[in-house]
Amino acid sequence: MTYTREFRLLVLLVFVTGCITVNVYFPAAAAEQAADRIIKEVYGDKLEKMQPDTPAQPDDQSSYEKLPEQGVATRLLEFLVPSAYAQEANMDISTPAINKFKASMTQRHNQLQPFYDNGAIGMDSKGLITLRDPKAVSIKDRNTVNQLVAAENQDRNALYAEIASANGHPEWESDIRNTFARRWIANAPGGWFFQDTSGSWKQK
Amino acid sequence: MPAGFRKISHPAGTEARTLFQTICAVLFWIITQTAYAFDQLGLNLDRIEYDSLSADNVSVALIFGHGESATLRISATRLSLSPSLVFEQLEINCKEGSLTAAMLRCSEGIYYAQHQDHGEINGRLSLSYRLDGSAGEIVLDSIAAGDGTIAGNLTFNAGGWEAGIQGNKLALTWLRKIVEPFGVWPPDYSDERGSVDVDARIQGRHADVHHVQGIIRTHAISFYGVNAAENLSSEVSFDVNALEGWDIKAGGNLGNGALYVEPGISMGNVRPGIALEITDQPLRFAVDMHLDRSLQQVNLHRLDISHPGVMTARVQVEAELGEEININRADIALTATDAGKFYTTWLQPFLLDTQFNALEIAGALETKVRITANELRHLDLHFDDLHAYDGNGRFHIAGLDGAFRVTDEAIPIQSGMSWRGAGIYRIDIGAGKLALESRDQTVNIISWEDVPVLDGMLQIDAFNIINVGRNDMTIRIDGSLTPISMTDFTQAMDWPIMSGQLTGAINGLTYSQGNLVVDGQINLGLFDGNVVVRNLRIEDLFGLAPALYADIDIDKLDLELLTGHFSFGKIQGLISGGVNKLELKAWQPVYFEAALATPEDDQTRHRISQQAVDNLGYIGGGAVSALSSGFLRIFKEYSYGRLGISCRLYNGSCEMGGVGDTPEGFIIVSRGGLLPPWIEVKGTGHSITWVALVEGLKTISSNRPEFK
Chain X
1 MTYTREFRLL
11 VLLVFVTGCI
21 TVNVYFPAAA
31 AEQAADRIIK
41 EVYGDKLEKM
51 QPDTPAQPDD
61 QSSYEKLPEQ
71 GVATRLLEFL
81 VPSAYAQEAN
91 MDISTPAINK
101 FKASMTQRHN
111 QLQPFYDNGA
121 IGMDSKGLIT
131 LRDPKAVSIK
141 DRNTVNQLVA
151 AENQDRNALY
161 AEIASANGHP
171 EWESDIRNTF
181 ARRWIANAPG
191 GWFFQDTSGS
201 WKQK
Chain S
1 MPAGFRKISH
11 PAGTEARTLF
21 QTICAVLFWI
31 ITQTAYAFDQ
41 LGLNLDRIEY
51 DSLSADNVSV
61 ALIFGHGESA
71 TLRISATRLS
81 LSPSLVFEQL
91 EINCKEGSLT
101 AAMLRCSEGI
111 YYAQHQDHGE
121 INGRLSLSYR
131 LDGSAGEIVL
141 DSIAAGDGTI
151 AGNLTFNAGG
161 WEAGIQGNKL
171 ALTWLRKIVE
181 PFGVWPPDYS
191 DERGSVDVDA
201 RIQGRHADVH
211 HVQGIIRTHA
221 ISFYGVNAAE
231 NLSSEVSFDV
241 NALEGWDIKA
251 GGNLGNGALY
261 VEPGISMGNV
271 RPGIALEITD
281 QPLRFAVDMH
291 LDRSLQQVNL
301 HRLDISHPGV
311 MTARVQVEAE
321 LGEEININRA
331 DIALTATDAG
341 KFYTTWLQPF
351 LLDTQFNALE
361 IAGALETKVR
371 ITANELRHLD
381 LHFDDLHAYD
391 GNGRFHIAGL
401 DGAFRVTDEA
411 IPIQSGMSWR
421 GAGIYRIDIG
431 AGKLALESRD
441 QTVNIISWED
451 VPVLDGMLQI
461 DAFNIINVGR
471 NDMTIRIDGS
481 LTPISMTDFT
491 QAMDWPIMSG
501 QLTGAINGLT
511 YSQGNLVVDG
521 QINLGLFDGN
531 VVVRNLRIED
541 LFGLAPALYA
551 DIDIDKLDLE
561 LLTGHFSFGK
571 IQGLISGGVN
581 KLELKAWQPV
591 YFEAALATPE
601 DDQTRHRISQ
611 QAVDNLGYIG
621 GGAVSALSSG
631 FLRIFKEYSY
641 GRLGISCRLY
651 NGSCEMGGVG
661 DTPEGFIIVS
671 RGGLLPPWIE
681 VKGTGHSITW
691 VALVEGLKTI
701 SSNRPEFK
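First to last, the protein sequences are chains X and S.
The first sequence: position 194 = 194 (the working numbering), numbered continuously.
The second sequence: position 202 = 202 (the working numbering), numbered continuously.
Chain X on its own, in the form it takes in the complex:
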C-alpha cells in the first residue's frame, strides 16, 4: 500500500515536472526592495523627512507560488524546479557599474535637491527627471540645471539597463524602469512634483 502511494506520488511528480515550463517572470517585490535600497542611498539624509513608505506589494507575477502544505512532494518539487521565487531576495545591485552610477547620483543629489524642493524639477513616469517649471530657475542656473538633469538621466538610464543586465535579464529593463519610476515617487518627501501616467503633474 505504501509503495503504491509513493509510486503514485513519483508518477505525479514526474508528470508535473515534465509538464512545467519554467518562465522566469520579473521579480517585482525583489526589484522594489532593490530600488528602495538604491533610492534611499541616493536621497541620503532626506530619509529622515520621508513619508512612510508604501509597503512593497507581494509579487503576484511569480511563476511559482508556495503551496499551502509543505509536504514531501512540495519540497521535492522545489528541489527539482528551482523557482523564480528564489530570485526574489537576490536581485543583484552590487556590480561595479551599479555602484558607480549610485555614487554618481548620490553625489549629484545635493545639487538637485533645491530644485526638487522649489518645484523646478519633477519626477516623470519613466523613472527620469525633467525641468517642469523653468520659471523657478534663474537664468544663471538654467544651464546648470539642464546639465544636472541630463547627467542624472544618463545615470538613471544606464542604471536600469545595468541592473537588468547584471541579473541576466536585459529584457527586464522596462520593468525595472517602471519599478524605479514608482519608487522614486514613493520615497520622495512631500512637496516634490511627479508626473502621473497620464502625464499630469501632481505635488506629493
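Since the hints were derived computationally from the structure, they do not count as laboratory data.
The structure displayed is predicted, hence computed values, not measured ones.
Worth double-checking, as some hints may not be accurate.
[Said to hold, decoys possible] EDC-like mimics (lysine to aspartate or glutamate), calculated; alpha carbons at most 20 angstroms apart, straight line:
id : chain 1 : residue 1 : chain 2 : residue 2
1  : X       : Lys140    : S       : Glu277
2  : X       : Lys135    : S       : Asp191
3  : X       : Lys140    : S       : Asp338
4  : X       : Lys40     : X       : Asp92
5  : X       : Lys204    : X       : Asp124
6  : X       : Lys100    : S       : Glu539
7  : X       : Lys126    : X       : Asp36
8  : S       : Lys341    : S       : Asp304
9  : X       : Lys140    : S       : Glu192
10 : S       : Lys368    : S       : Asp440
11 : X       : Lys100    : S       : Glu583
Dock chain S against chain X, hints included.
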C-alpha cells in the same frame, strides 16, 4: 430725419470696410437727394456685429456748415473688439470735417472712450476716406499708454494697406494686458517687468502681411518662461519681407542684463538653451536669411555674432528642415578668445547628452569649418594654450598649441600640435609634439616625438584618422610602450598595487564610435616572462561605465622578480597560466577565469619565504590556512613542489582552486623540492567574495613598504 435699423447682419465673408462704405453711400445719397435741404443729418444703429466685433447704440451725425465743411460726430455706448477688449462711451468729434461727393475727411478729431482696466482713453485723430472705398487713412496721435505713450496709423488703397505703430516706454505689464486677449502673449510666461519702445511698419494686402519693418528697444525687461530675460536692455531692428517665403534681416545688440533662449531644437533628450549674461560690452548680432514658405528650407546667408571677451562668429548655412535636418552646405568661422566661456555659453548646452558635457576649458581657439551634404569637408582648428579637463576624470590635456587641419581634397595640407601634458583616466601622458598631414578626409601623423606615459615612453609607429567628421570616424594606432612601472599603472587604475615593469608592442589599435579594439595582440614583457593580451576591446571607452574584455596569457614569470620587490614575501620559481574571458565593468572585474601555476617543465629552484606563506593566508581574509605554525616557524624559507592558484570570478565571488584538491579545499603549495624544510599550504573552502580578496591584497600592500 433720422433713419433707424434694428440690426445689420452680414453674409459670410463681407468685410467691415464694405459696411462702412455702405453707410457712407447711404448718407451721401440722402444728402444729394435732399439737395442740402437739411442742416443736420443723423443715423442711429442699435447694434452692429461683424465676426467678433460689435458696437451698440451707434450714432453718426453730420452737421453742415458753409460749403463742404461739416462737423462729424460718431458715438457708441459700447465697442467690443474682442470679448476681453471692450470700450464704452466711445465718442469721436470732428470739428474740421468735410464731405464731398468723393471724399470724407476729418482733421483734428478727438476721441474719447472708457476701458475697464485702462480708464479713460482719449486722443486726437484724423481720417480721410474715399467714398468709393478705394482709399482711406486714419491717424491716431500719441496717447498715454500706462506710463508710456502709443500712436498709430493705417492707410489703404487698391494696392494694399500699411499700418504703423509707435510706442514709447510701453510697460510689459501694460502690453500683456493689451495683447493677451488676442492670444498673442505666450503661455506660461510671467513676472514681466520693464518697458519697450516700438517703432514698426507693417504692409500687406487683404489678410496677408507682406512686409514688416521696425525697431524694438527694451529697457531692463524681465520675463520668465521657457525663455527668460532679467533686466535686459537691448535694441533690435528687423526687416521681414514675406512675399516669396520669408526674407529676414535683423540686427542689434544686447546691451545689459541676462537672456536665456532655447532655439527650439532637441539634441538627444535635451532641449539646449543659450544663457547670456551681458555686463560690460554689448553683444552684437546681425542675421540675413531666407526661409521658404513651407518652412522646410533655410538659407542663412549670414549670421554674425560678436560676444565681446568670448567669441566672434560668422555662420552661413543652406539646409533642409524636417524631422531630420539636412545640411547641404555650411561654413562656420569662429574665434573664441576665451574658450572656457565659449564652451559654457555656446557649446556645452548642445553637448549635454554626450560624453563631452562636463569639460573645464581655458585658453583660446579659432576654427573654420565647411560641411557639405552633412559631412565635414574642411576643418582648420587652431589652439592657443588650450587646457581641457573632463569633469568626470576621463581625459585631460594641458597647454595645447598649434593646428589640426582636415581636408577632403587630394592635395595634402599639413598642420602640427604640441602639448605640455595629457591623460586618459588616471594614466598620465607627458608633453608631446606631432606633425600631421591630411588629404581625402584622412589625417596621418608624419612625425612624432615619443611622449612619456606614466614613467615610460609611448612610441608611435603609425597613427591615422580616417573618415574625419563622419559617424564612422576611426583612429588607428601602431606603436609600443617602453617600460612603465606596474606600481604606477595599477595605482592609476585603482587596482591592487603590483610591482614590476610593463613593456610591450601595440599593433592594430583602433578607436571608432566610442569603442576601442586591438586587432592584434599586446605583448608585454613582465618579470622576465611574457604576457600576451589578446582579444582586447573596450566598449564605450569614455562612457559612464566602460566595459573591457580580454584574454591574457602568462608565460613563465619569474616569481623572485615579482615578489622580490613586493611586500608579499619572496618566492622563487616560475609561474605560468592565464586570465581568460576577463571582463571589467567601470574598470572593476566582474568575470574572469584565472589560473596560475608552476609550469610542469620548470627546473628552477622552488623556495618560499615564511612571510610569503603568511601572506597567502591574508589572501581571502583567512580562507587559506598554512602549515607554517609550530616548529616550522623557526625556518625563514621552505622548499615547495608546485605553486598554483585559480579563481573563477562571477557574481562577485571567486571560486578558488590550486594545484590539487583536498577534502576540505585545495592545495596552493605542494610539498617537494630537493632540500628540507618542505612545506605544503592548503586552502580551505572554495569560495571567497571578490571584495574580501581585494581587501586582503590591499592589506598586504598597505601594511608594508612596497619596495625594498
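Requested in this report: Could you grab the alpha-carbon distance between Lys140/X and Asp338/S and see if it respects the 20 angstroms cut-off?
Outcome: Since the Cα atoms of Lys140/X and Asp338/S sit roughly 18 angstroms apart, the hinted pair holds (cutoff 20 angstroms).
Query - Holds or violated: Lys126/X to Asp36/X, with C-alpha atoms at most 20 angstroms apart - result: holds, 16 angstroms
Query raised in the report: Are the Cα positions of Lys140/X and Glu277/S separated by 20 angstroms at most?
Result: The given pair, whose Cα atoms are some 8 angstroms apart, holds under the 20 angstroms limit.
Query raised in the report: Is the straight-line distance between the alpha-carbon of Lys100/X and that of Glu539/S 20 angstroms or less?
Result: holds, 16 angstroms
Requested in this report: Quickly compare the C-alpha distance for Lys341/S and Asp304/S to 20 angstroms and report which way the hint goes.
Outcome: The given pair, whose Cα atoms are some 18 angstroms apart, holds under the 20 angstroms limit.
Requested in this report: Given the hint that Lys140/X pairs with Glu192/S, test it: the Cα-Cα distance must not exceed 20 angstroms.
Outcome: Holds, at about 18 angstroms.
Query raised in the report: Is the Cα-Cα distance between Lys204/X and Asp124/X 20 angstroms or less?
Result: holds, 13 angstroms
Requested in this report: Verify the proposed pairing of Lys135/X with Asp191/S, using a straight-line Cα cut of 20 angstroms.
Outcome: Holds. Lys135/X to Asp191/S sits at ~9 angstroms (cutoff 20 angstroms).
Requested in this report: Quickly compare the C-alpha distance for Lys100/X and Glu583/S to 20 angstroms and report which way the hint goes.
Outcome: holds, 16 angstroms
**Report entry** Straight-line alpha-carbon gap Lys40/X to Asp92/X, limit 20 angstroms
**Finding:** holds, 16 angstroms
Report task. Compare the distance between the alpha carbons of Lys368/S and Asp440/S with 20 angstroms, and conclude whether the hinted pair is satisfied. Result -> holds, 18 angstroms
Violated hints are absent here; each numbered hint is respected by the structure.
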